[in-house]
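Participant: Each protein sequence line maps, in turn, to chains A and B. Counting in the numbering used here, the first sequence runs from 1127 upward without gaps. Counting in the numbering used here, the second sequence runs from 1127 upward without gaps.
Watch out, some of these pointers could steer you wrong.
In this list, chains with the same sequence are indistinguishable; a pair is considered to hold if it fits within one copy or across any two.
To be verified - 30 angstroms max Cα-Cα, derived DSS-like pairs, lysine-lysine:
1. 1281 with 1142
2. 1199 with 1464
3. 1401 with 1315
4. 1142 with 1340
5. 1316 with 1152
6. 1199 with 1340
7. 1152 with 1464
8. 1464 with 1139
9. 1445 with 1142
10. 1445 with 1404
11. 1142 with 1464
12. 1401 with 1340
13. 1281 with 1315
14. 1389 with 1315
15. 1404 with 1281
16. 1152 with 1139
17. 1389 with 1340
Worth flagging that the hints you see were computed from the coordinates, not collected in a lab.
Protein chains: 2
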Amino acid sequence: MLLQNKERQEVAKIGKQELIDRLLEKFPIEQATTTLGPGHDAAVISPTEPHLLTASKLMIENIHFDLTYFPLKHLGYKAVAATATDILAMNALPSQLVLNLAVSNRFSIEAIEDFMAGVNLCCQRYHIDLVGFDITTSQLGLIISTQVMGQASDKQLVKRTTVNENDLICVSGDLAAAYTGLLLLEREKKVFEVNPDMQPDFAGHEYVLERQLKPEPRTDIVEALRKEGIVPTGMIAVNNGLAAALLHLCRASHKGADVYENKLPIDVTTFNTLKDLKIVAASIALNGGEDYELLFTIAQKDYEKVQKMANVTVVGFVKEEAAGVHLITTDDRQIALKAQEFSKSE
Amino acid sequence: MLLQNKERQEVAKIGKQELIDRLLEKFPIEQATTTLGPGHDAAVISPTEPHLLTASKLMIENIHFDLTYFPLKHLGYKAVAATATDILAMNALPSQLVLNLAVSNRFSIEAIEDFMAGVNLCCQRYHIDLVGFDITTSQLGLIISTQVMGQASDKQLVKRTTVNENDLICVSGDLAAAYTGLLLLEREKKVFEVNPDMQPDFAGHEYVLERQLKPEPRTDIVEALRKEGIVPTGMIAVNNGLAAALLHLCRASHKGADVYENKLPIDVTTFNTLKDLKIVAASIALNGGEDYELLFTIAQKDYEKVQKMANVTVVGFVKEEAAGVHLITTDDRQIALKAQEFSKSE
Chain A
1127 MLLQNKERQE VAKIGKQELI DRLLEKFPIE QATTTLGPGH DAAVISPTEP
1177 HLLTASKLMI ENIHFDLTYF PLKHLGYKAV AATATDILAM NALPSQLVLN
1227 LAVSNRFSIE AIEDFMAGVN LCCQRYHIDL VGFDITTSQL GLIISTQVMG
1277 QASDKQLVKR TTVNENDLIC VSGDLAAAYT GLLLLEREKK VFEVNPDMQP
1327 DFAGHEYVLE RQLKPEPRTD IVEALRKEGI VPTGMIAVNN GLAAALLHLC
1377 RASHKGADVY ENKLPIDVTT FNTLKDLKIV AASIALNGGE DYELLFTIAQ
1427 KDYEKVQKMA NVTVVGFVKE EAAGVHLITT DDRQIALKAQ EFSKSE
Chain B
1127 MLLQNKERQE VAKIGKQELI DRLLEKFPIE QATTTLGPGH DAAVISPTEP
1177 HLLTASKLMI ENIHFDLTYF PLKHLGYKAV AATATDILAM NALPSQLVLN
1227 LAVSNRFSIE AIEDFMAGVN LCCQRYHIDL VGFDITTSQL GLIISTQVMG
1277 QASDKQLVKR TTVNENDLIC VSGDLAAAYT GLLLLEREKK VFEVNPDMQP
1327 DFAGHEYVLE RQLKPEPRTD IVEALRKEGI VPTGMIAVNN GLAAALLHLC
1377 RASHKGADVY ENKLPIDVTT FNTLKDLKIV AASIALNGGE DYELLFTIAQ
1427 KDYEKVQKMA NVTVVGFVKE EAAGVHLITT DDRQIALKAQ EFSKSE
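Isolated chain A (complex conformation) (with noise of 0.2 angstroms):
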């Protein structure tokens, strides 16, 4: 749908390294690590920190994003931030990005070009370099390949081992939104589908749709964290759900937990259109997806610290490994979380 509004010009008419070039002349190189942008066989980035961090994601259209509702510029930002927030999950800040676009001939110069204006968007915002970038031939539809990097000190770095028991666990912004969003927009495609005369009516779910649509990075939880002084013990990203998210960071630590429904942040406008679809909201928390929010474990000495920080929840705290990990009910029943996302294939 999105795709045949546009006007339409052929990559083949400029050949694929005039439009590299041509979409490169949107992107300054603003790092000072960044000594050798695109252009050459190789980045090159040179470190002024110990460690050098990096993440990569691999996105496939039908399988991760659906175009039909999905525009290609919110994708291009949404790449970037999915990818980002996983050097974020390690207490790091994101500096640099390496993009690898494969694209069928359906994808016209301007598609890419609203494809890139989204990535340069996220890129700008959250001053990560573009190193680089190619473009090639797919079969079927758009392949996004991303690697972001950072950096991190000695002192910085958070890993998914170091949690101790006691600790508490906090989760940044609210969960739940994106998923919620990307079933309003199942919902639309389906009824578009049976009547395309049908346009759909979002409003009043402004939120969830932003929140599945154009994800932001929290950068501001860990540029806040180190603005406190708190170094979490351990750090992990809410990408499928928090259960899923919370069962990784345990078992990488050989930890148990306990957190509780009754703090699961869950925004009221979240909340009330699960509601109206008839879903349970913490369910879609535990187990939905593609929050990109950051869960992160500290010591009980830095409680008061946390607490000055805004968007930050603490959902409950560490226990031995054999104690399980459980969600503690609103009604006080022990539920032991199950680790749901072992099984999916993404």
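Dock chain B against the given chain A, drawing on the hints supplied.
Facilitator: Frame of chain A, contents of chain B only:
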């Protein structure tokens, strides 16, 4: 063809995470600079040199490879070798690999294991640590996203932009073999499609097939350059033929060049196979692909040193930009090299 002769276990049977864990067991960490490998949100590399280099490739089934004749194990090897070449082409040595695969349900666990066995072989031979690995779902076929990292000191790092007039143009190994191997494989595929009972006879063509199916990254050349105390003045990978590489290098350095047809290194088996196919070997050396050799320029003072190196041929010299980039044929004609690769879609 190749996928059908194997036992078949579905990926869904053991789940993605267990498959990843199982595959990773065969990848030990060798590099002292690998601080944190797979299993966290990001991999952590702690460079010992001031510069960290990163190069990436996106390889897509039926665009970049054809599994009807390309064994998966060879493909895994080639994916690493091809990407490592881009690090070598900056006069640096590859040290870490991040790999993301997308597979359709056509691929069994055994098929993925075959692919990873090839990845493993190349990693072990060249001491490259796999520091990040993920598998996701594709709609159609196999998608391979690789990132190889390496390190270089300020003195070692060689760019494309620093070539000087009168420098000698050198190329490693020999050219045109990989493309010749591809021609043979494509020919046999067509025969097979017409008559599936025909078995290919590749006797005498082992060299060109190996160059296509299992290219080696030229770490030996970078190591030999260091041993001889040569720092090239400019360097680039020969991925899409000598002409494309030389034109890129000359354009980046604002120089011209002459290369001599009778100096082009072409193996005798390559030459004879091409002769049988009624193809001029020099045109494939110039415009073929996937040689994964290194093109580099050296100051004239280093000529004697480079002569001591095995597997390096001086093919021409650098001129002023206005002179253009030419091939001097065996009958002494001057032919301007064209940037054919700029219009290629890959």
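Participant: The structure should be examined with respect to each hint, and the outcome stated for every one.
Facilitator: Do the hints match the structure? See the list:
{"no.": "1", "hint": "1281 with 1142", "verdict": "neither (43 angstroms within a copy, 33 angstroms between copies)"}
{"no.": "2", "hint": "1199 with 1464", "verdict": "neither (35 angstroms within a copy, 35 angstroms between copies)"}
{"no.": "3", "hint": "1401 with 1315", "verdict": "within (20 angstroms within a copy, 58 angstroms between copies)"}
{"no.": "4", "hint": "1142 with 1340", "verdict": "both (28 angstroms within a copy, 27 angstroms between copies)"}
{"no.": "5", "hint": "1316 with 1152", "verdict": "neither (37 angstroms within a copy, 45 angstroms between copies)"}
{"no.": "6", "hint": "1199 with 1340", "verdict": "within (9 angstroms within a copy, 39 angstroms between copies)"}
{"no.": "7", "hint": "1152 with 1464", "verdict": "between (45 angstroms within a copy, 28 angstroms between copies)"}
{"no.": "8", "hint": "1464 with 1139", "verdict": "between (52 angstroms within a copy, 18 angstroms between copies)"}
{"no.": "9", "hint": "1445 with 1142", "verdict": "between (55 angstroms within a copy, 28 angstroms between copies)"}
{"no.": "10", "hint": "1445 with 1404", "verdict": "neither (33 angstroms within a copy, 74 angstroms between copies)"}
{"no.": "11", "hint": "1142 with 1464", "verdict": "between (47 angstroms within a copy, 16 angstroms between copies)"}
{"no.": "12", "hint": "1401 with 1340", "verdict": "within (23 angstroms within a copy, 57 angstroms between copies)"}
{"no.": "13", "hint": "1281 with 1315", "verdict": "neither (47 angstroms within a copy, 57 angstroms between copies)"}
{"no.": "14", "hint": "1389 with 1315", "verdict": "neither (33 angstroms within a copy, 62 angstroms between copies)"}
{"no.": "15", "hint": "1404 with 1281", "verdict": "neither (46 angstroms within a copy, 64 angstroms between copies)"}
{"no.": "16", "hint": "1152 with 1139", "verdict": "within (21 angstroms within a copy, 46 angstroms between copies)"}
{"no.": "17", "hint": "1389 with 1340", "verdict": "within (25 angstroms within a copy, 55 angstroms between copies)"}
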